Amino acid sequence: MTDPKSIAIISDTPSLYVRWLVEDLVQRDSAARWVFIGSTTEHRLFVYQSFLRILRRHGWREVIWRAMDRTHADDSRSLTRPQSLECLQLRTGFEVVRYDHIDSGKMLLDLMQRDPALVLLAGCGIVSSALLGIASLGVLNGHPAMLPGVRGVDVIDWSILYDAPIGVTAHFAAPNVDAGDIVAQRRVEPEPGESWINFKDRIVRNQADCLAEAAVQVLAGKTRCKTNDVSKSRLCFATRRSDRRMAEAKFSQLMQTSSREAVHVTYPE
Amino acid sequence: MTTPSLNVVIQSDNEALQQKLLRAAFELFVRVGIPFSLHRSWQSVDSDATVIYHGPPELTRKRAIQNRCVVTLPVSTCGLEDCQLLWGADGSALWGGGVEAGVDLLAGAAALLTFSHEERVSIEERDQLGRIPAKSHPFGRLEVLEEPLLENAAIQMRQVCAKHGINVQNVLKPWPNKVPVIITHDVDGPYLHSFFALARSAWYALFRKDKKERDALEFGLISLMSKGDDPYFGFSDWRRFERQVGAVSTFFVYPKGAAGVDVSPRDPRYKITNAKLREEFGRALNEGWSVGLHSGIRAQNSQDYLSSAQHLGRVLGTEVKFVREHYWSIHWKDPYKTWQEMSRAGLVADTSLNPLAVGLRNGTCLPITASTAWSQFADCSFLAIPTAVMDQYEVEAEPRCEKWAISSSLRRLLDHIARVNGCVVLDWHERTMSNTGPWKGYFSRMLNLTRYLSACGQYEFMSLSEVYRLWTSFVHAVFLGVRP
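Here the protein sequences come in this chain order: V and B. Each residue of the first sequence is one higher than the one before, starting from 6 at the first, in my numbering. Each residue of the second sequence is one higher than the one before, starting from 1357 at the first, in my numbering.
No lab work stands behind these hints, which were simulated from the structure alone. Being a predicted model, the structure only gives us computed values, none of them experimental. A couple of the hints might just be wrong.
Claimed, not checked - In the DSS-like style, the derived pairs of lysine-lysine whose C-alpha atoms are separated by at most 25 Å in a straight line are:
| # | chain 1 | residue 1 | chain 2 | residue 2 |
| --- | --- | --- | --- | --- |
| 1 | B | K1759 | V | K10 |
| 2 | B | K1612 | B | K1534 |
| 3 | B | K1568 | B | K1796 |
| 4 | B | K1632 | B | K1583 |
| 5 | V | K231 | B | K1677 |
| 6 | B | K1632 | B | K1612 |
With the rest of the complex left out, here is chain V (with noise of 0.2 Å):
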């Protein structure tokens, strides 16, 4: 029988982002019950396979570029971190459940016999239609835009670029990307001398706690969903670098100005 409230959280990796739900979630009473994170197998599959994407898409010079920026992405970062997932666990007493590919049949058992009645997506690839089926209240994944509006990767980036509101969205997962029902969504907005990669953290940060105010709606039965009209949106793919630092400008300026408004770099379609 499925335990109306269980819920079961899904990731590539023990990122921030999903130790943020996991707070998130127990603060609202609602404590996930089994987290699902992919072992060294799928972690590796996931970064070979973004990889082989932007080689294809962009070619040599930009996987480089990408790889670099990573490892400077962490500098900087002023926001409070989680705890490691292994105190998390400690704390909260979730079972931690590895996985080396998402659409496995491993996989799918795993779920199946676990039986959670709601499933939270926390940044692991695209999920096979059989997964989004597994949970009985359904399956919901976060997305650090606002839709309708940006679907795809690098979101945040192209929100800039775009000119597009910049917030976080959770959403119920659908067969397409970032194309189910709106649950929960709220606009995020840069504060004063805020540097740009402490702005996008402060998004992810927003992402988890939107993520697990739409869990909690739907665990309760509160939830007005929103149709999330794709025909409103773009689908985006991963950014050049030259995107990447003409969004950084972009937020620079924005910054000086103050206000979106103001603000006038146009950017190709």
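Chain B: place on chain V using the hints.
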């Protein structure tokens, strides 16, 4: 009103044809479920017996006066290979000879059981192994692969009996409650972490640009480098899954190294003497799962089967009773030849009857008591149990199904099988548990199928040996013998 026993009299000038019709009558009346005996002539029939007669009409008139009830079946004059698809009054598909008085169901059943319907398929339309691709199969062309034609004929026969005042209310049933569903797994390649499997995937990925094989190669290499589990080794996960749905399956295992058996390049490569495999099968057998023989393509005579089954049994420490041919490579023109050889080797059931698609190769979903063909009805112990659904055919039938859906052909098949109280054998290869690479979507389709079955509420999982036991007991209860 009690259900009488029927006396089925089959008369014909042609002895070979009479034998075929007797076999057809046997399978047909077993499916009717009223106890019956077979008679080669009127002489062995009591004067007050209830008679079902198939033969020259002039013989009926004389005996109809003496016997309380004689049901005369229509007799077509055409050959078995000329039987055709006909439609019953209730809209059900039938295979038989059309005559003025109705449909010669017995001729149709004989045609199905002797595979006469496949005789029209030319050599050019068959593949290298003599198999008939579904698109060239007569039932594939007529779009009746999912129709249980033999069971439909049994229902018609029951209606004919009822029309003549025979009580058909309390017919016997092989399984009293729900339709049995049997899960089986062919074990063709349980390792991706092997030189052969990775090289094979690399070949397809690099030279044939196969995306799914490329995924398998990447997953295989990365999991190998990360010292992770082998993605294809899913035995314990299958057992875990089956425990959850209340099933106990049979793993069909290839016995590489059996003495005196020729090896084909298409045969699987793994060795059952491998410690990890032996340990896994030992655990499965202890927990109640069973192991069957997945014989090599070139295993064709009783000696090969015996040697293979003994080798498998010796290594795994179990008795091997069930068999399925790799590539369904039974003698396609005359499967009885293969079945007789299997029976001689001490095997009791074969599950290699499939039309290379979701469906029924000879219009029956219930077991065929094949050993009656060579034993003159003295031996009812060897069964040919059709495998109606294999993973690949189901996924290929509709590669993109809606969430929790199954293909429309499988849905049709299951509905028909439930209607005629048949049984369903599923063949999901062991490595499909990985649900990735070339097997992407295979396990999730199994999940869809189990969901569908439990939602319908009229199916229950059973083991192959349980179905074998129930069916043979049922045949013994229904069939009262053959008289001269």
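Take a quick look at whether B/K1632 and B/K1583 sit within 25 Å of each other, Cα to Cα.
-> 16 Å, holds
Check whether the Cα positions of B/K1568 and B/K1796 lie no farther apart than 25 Å. The hint holds at about 8 Å.
V/K231 and B/K1677 were given as a pair; does the straight-line alpha-carbon distance stay at or below 25 Å?
59 Å, violated
Holds or violated: B/K1759 and V/K10, Cα atoms, limit 25 Å. 24 Å, holds
Exercise. Does B/K1612 lie within 25 Å of B/K1632 when you go C-alpha to C-alpha?
Worked result: 15 Å, holds
Check your understanding: Is the hinted pair B/K1612 and B/K1534 satisfied, with a Cα-Cα distance of at most 25 Å?
Key -> 38 Å, violated
Of the hints listed earlier, those the structure fails to meet are numbers 2, 5, in rising order.
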